[in-house]
Amino acid sequence: MARPMWRTTAVVLPAVLACLVAVAGCGEESSPPVSSATAASRSGSVGELVVDGRLTCDKDVSSDEAKTTIERVGGLQQPTWSVRFAESTPAGVVALVAGDLEEARAPLFEDYGVAAILESAEGQSRAEDFGAVREAVRRICG
0 MARPMWRTTA
10 VVLPAVLACL
20 VAVAGCGEES
30 SPPVSSATAA
40 SRSGSVGELV
50 VDGRLTCDKD
60 VSSDEAKTTI
70 ERVGGLQQPT
80 WSVRFAESTP
90 AGVVALVAGD
100 LEEARAPLFE
110 DYGVAAILES
120 AEGQSRAEDF
130 GAVREAVRRI
140 CG
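Yeah, the sequence shown ends on 141 if you go by numbering that gives the first Met the number 0, and it's all consecutive.
No lab work stands behind these hints, which were simulated from the structure alone. Heads up, some of the hints might be wrong.
Okay, derived cross-link-like pairs now, SDA-like style, lysine to any residue, Cα gap no bigger than 20 Å in a straight line [to be verified]:
#1 66 / 46
#2 58 / 109
#3 58 / 129
#4 66 / 112
#5 58 / 70
#6 58 / 139
#7 66 / 76
#8 58 / 71
DEER-style ranges, computed between Cβ atoms [claimed, not checked]:
#9 53 / 122: 29 to 39 Å
#10 57 / 79: 31 to 41 Å
#11 78 / 56: 32 to 42 Å
Remember, it's a predicted structure, so these values are computed and weren't measured experimentally. Ideal Cβ positions, reconstructed from N, Cα and C, are used throughout, including at glycine.
Make the full structure from the sequences, and use the hints.
This is the structure we're talking about:
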């Protein structure tokens, strides 16, 4: 016995529409939520920012290269400087550094492939670290 056409349409049409909506969303890049309540944005400035001249704002934040860089530099300790925090961003890996930024520049840029170095404020909380990095990326990438 033949199935009534309206039943088939009632089942197939919603399924096709759901697939189209799902596929349409795949090509769009979602922008990360921007919080205006961070300490860095409230003060209107972040610490000194040193940027590698080869920096671009189209990096894959979840790439294996970024993960490896973060593993290598996170918590790195040197006599005159240390990496307090590192995060993968569209600009590349940004390292929050306490101490002498000039001495940190060459090893972090050349040896570790960090895209930007941001001066860490004394006594800054982890949430403020995230906010400072986000503010720095806004300054770099616009």
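Exercise. Starting from residue 66, check that the Cα of residue 76 is at most 20 Å away, please.
Key: Measuring from Cα to Cα gives roughly 19 Å; hence the hint holds.
Quiz item: Going straight from one Cα to the other, do residue 58 and residue 139 come out at no more than 20 Å?
Solution: holds (13 Å)
Self-check item: Satisfaction of hint between residue 70 and residue 58, Cα-Cα up to 20 Å
Solution: holds (17 Å)
Quiz item: That 29 to 39 Å hint for residue 53 and residue 122 (C-beta), does it hold up?
Solution: Roughly 33 Å apart at Cβ, these two residues keep to the hinted range, so it holds.
Quiz item: CB of residue 78 to CB of residue 56, is that within 32 to 42 Å?
Solution: The hinted range 32 to 42 Å holds for residue 78 and residue 56, with Cβ atoms some 33 Å apart.
Quiz item: Is residue 58 within 20 Å of residue 129, Cα to Cα?
Solution: With Cα atoms ~18 Å apart, residue 58 and residue 129 stay inside 20 Å; holds.
Self-check item: Pairwise hint evaluation, residue 109 against residue 58, where the allowed Cα distance is 20 Å at most
Solution: holds (18 Å)
Practice problem: Assess, step by step, whether the Cα of residue 66 is no farther than 20 Å from the Cα of residue 46, and give holds or violated. | Solution: violated (24 Å)
Quiz item: Taking 31 to 41 Å as the hint, is the beta-carbon distance of residue 57 and residue 79 inside that range?
Solution: This hint holds: roughly 33 Å between Cβ atoms.
Quiz item: Holds or violated: are the alpha carbons of residue 58 and residue 71 at most 20 Å from each other?
Solution: holds (18 Å)
Practice problem: Measure nothing beyond the straight line between the CA atoms of residue 66 and residue 112; if it is 20 Å or shorter, mark the hint as holding. | Solution: With a Cα-Cα distance of about 12 Å, the restraint between residue 66 and residue 112 holds, given a limit of 20 Å.
Checked against the numbered hints listed earlier, the structure breaks hint 1 alone; every other hint is satisfied.
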